[in-house]
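**Q** Below are the chains, spelled out letter by letter.
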Amino acid sequence: MKIVKIIILVLLVAFVGIQFVPTERNQSDIVPVTDFMLVNTVSKDIKNKLQVSCYDCHSNNTQYPWYNKIQPVSWILEGHIKDGKEELNFNEWDLLSSRRKASKLRSIIKQIESSEMPLSSYTLIHKDAKFSDREKKELIEWITQLKDSL
Amino acid sequence: MKKLKTTLGIVTIVLITLTAVSCKDAKKENSDKDHTEKTHDDKDGHHDEMKKETVLNSNQKGNSEAVLKDYFNLKDALVSDDESKAKELGGTLVKSLVNLDVSKYTDAQKLELKDIIKDAKEHAEHISKSPMGHQREHFKILSKDVTDMVAITGTTNTLYEQFCPMYDGGSAWLSMNKEVRNPYYGSKMLKCGKVQKEIN
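In the order they appear, the protein sequences are chains A and B. Those letters in the first sequence? Residues 1 to 150, per the numbering used here, in order. Those letters in the second sequence? Residues 1 to 200, per the numbering used here, in order.
Quick caveat, the hints were computed from the structure, so don't treat them as lab data. Since the model is a prediction, treat every value here as computed from it, not as a measurement. From the three backbone atoms N, C-alpha and C, an ideal C-beta is built for every residue, glycine too. Errors might be hidden in some of the hints.
Quick partial rundown of chain B residues pointing at chain A, CB under 8 Å, derived from the structure [as the list claims (entries may be wrong)]: (1) Val98; (2) Asp115; (3) Lys121; (4) Glu125; (5) Glu137.
Listed next, the in silico BS3-like pairs over lysine-lysine satisfying Cα-Cα at most 25 Å (straight line) [as the list claims (entries may be wrong)]: (6) Lys85/A - Lys188/B; (7) Lys121/B - Lys104/B; (8) Lys110/A - Lys69/B; (9) Lys136/A - Lys121/B; (10) Lys188/B - Lys110/A; (11) Lys114/B - Lys147/A; (12) Lys110/B - Lys188/B; (13) Lys87/B - Lys129/B; (14) Lys49/A - Lys121/B; (15) Lys87/B - Lys140/B; (16) Lys85/A - Lys104/B; (17) Lys147/A - Lys137/A; (18) Lys110/A - Lys140/B; (19) Lys140/B - Lys137/A; (20) Lys121/B - Lys147/A; (21) Lys87/B - Lys110/A; (22) Lys69/B - Lys118/B; (23) Lys82/A - Lys121/B; (24) Lys87/B - Lys82/A; (25) Lys101/A - Lys188/B; (26) Lys85/A - Lys69/B; (27) Lys118/B - Lys82/A.
Beyond 12 Å from chain A on every Cβ pair, some chain B residues (computed) [stated by the list, open to error]: (28) Glu122; (29) Asp145; (30) Phe163; (31) Glu198; (32) Asn200.
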């Protein structure tokens, strides 16, 4: 029984310890002029939807939930954000050429269509990030229009 | 007191699992990277004695025919529904795209080629790590990129631009053979499509 106590104590100390390991946070007040919403005419509804469902991992600014201040959750999420921004960063949209924009928009459509994005692990907690069938349809229609206008 | 202990126990177990999982993921990613780098080295080992990828990139200049060759191999893997081979060949194509030498073209062409390479590389990368359905989605855009590349670089062979009206609202691809072998459907609809254009 004593050994169990010691193990628990050690783990507890470790848990508290890792809270002090600094994590780089994906936060920025600046919305660059290359942002997707600034270079395209986006309706309020779609703007809001993209902000809630996509921008946490695909922009330079994440709205962190409280539990993400806790390690090791924080490390896991930070990895997701890094991967997400590498694939697509809405803040840097206008740095892309027309070819690359069309390519990205096509991928966005596919991802939304097949419900691969937003990630199910994300919508599990962010219920409002999930797209309803109607929202999906509207969004895809709008993005298709944008792609064809490039 | 006992209840507290159990709760503490559960909390710690959850945390350990989380930490273990995140560590494992990181490790896996690393080994994946190692693996792809190794296969690249193996592939190009016979061209050049230099083994380091970075050295290869800066010293070994490839031409558009190498890109086309890798593109056709990838297409054939998709025609034969071979997911793992398509993955491997996607990786090979990334390499030949990166190595494409654009120095002999005009400035405007250079810009466009670089843009094409960047886009095509991303699609080839996705193909190298996706299941077949995704591979085919990316192959569609990759095909457009490669077609645009050929429009600039030209090619010594006669190519056939083929078109399948059924896949994703109509999709094209390039082939060395006149006979249609559909990379978007494979064995399901092997001969669906037609020759749309002859290049050269």
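**Q** Compare the structure with each hint and give your call.
**A** For each hint, the structure was consulted:
1. Val98: Status violated, d = 16 Å.
2. Asp115: At 5 Å from the nearest chain A Cβ, Asp115/B passes the 8 Å test, so the hint holds.
3. Lys121: violated (11 Å)
4. Glu125: Violated. Min distance 10 Å.
5. Glu137: holds (6 Å)
6. Lys85/A - Lys188/B: Distance of about 36 Å is beyond 25 Å: violated.
7. Lys121/B - Lys104/B: Judged against 25 Å, a Cα distance of about 21 Å means the pair holds.
8. Lys110/A - Lys69/B: Roughly 28 Å separates the two Cα atoms, so the pair is violated.
9. Lys136/A - Lys121/B: Violated - the C-alpha atoms of Lys121/B and Lys136/A are around 29 Å apart, more than 25 Å.
10. Lys188/B - Lys110/A: holds (22 Å)
11. Lys114/B - Lys147/A: Satisfied, since the Cα-Cα distance of roughly 21 Å is no more than 25 Å.
12. Lys110/B - Lys188/B: violated (39 Å)
13. Lys87/B - Lys129/B: holds (6 Å)
14. Lys49/A - Lys121/B: Violated, at about 30 Å.
15. Lys87/B - Lys140/B: The hint holds at about 15 Å.
16. Lys85/A - Lys104/B: violated (34 Å)
17. Lys147/A - Lys137/A: holds (15 Å)
18. Lys110/A - Lys140/B: Answer holds: Lys110/A to Lys140/B is near 13 Å, not above 25 Å.
19. Lys140/B - Lys137/A: Between Lys140/B and Lys137/A the Cα gap is close to 23 Å, so the pair holds against 25 Å.
20. Lys121/B - Lys147/A: This hinted pair holds, its Cα atoms lying about 20 Å apart.
21. Lys87/B - Lys110/A: Holds, at about 20 Å.
22. Lys69/B - Lys118/B: Holds, at roughly 18 Å.
23. Lys82/A - Lys121/B: holds (19 Å)
24. Lys87/B - Lys82/A: With Cα atoms ~24 Å apart, Lys87/B and Lys82/A stay inside 25 Å; holds.
25. Lys101/A - Lys188/B: Violated: Lys101/A and Lys188/B sit about 32 Å apart, past 25 Å.
26. Lys85/A - Lys69/B: Measuring from Cα to Cα gives roughly 32 Å; hence the hint is violated.
27. Lys118/B - Lys82/A: Holds, because 20 Å separates the two Cα atoms, which is no more than 25 Å.
28. Glu122: violated (7 Å)
29. Asp145: Contrary to the label, Asp145/B does not stay out of reach of chain A, its closest Cβ about 8 Å off (not over 12 Å).
30. Phe163: holds (18 Å)
31. Glu198: Non-interface label on Glu198/B holds, nearest chain A Cβ at 25 Å vs cutoff 12 Å.
32. Asn200: Given that every Cβ of chain A is farther than 12 Å from that of Asn200/B, nearest at about 24 Å, it holds.
The structure fails hints 1, 3, 4, 6, 8, 9, 12, 14, 16, 25, 26, 28, 29 (numbered hints given earlier, in ascending order).
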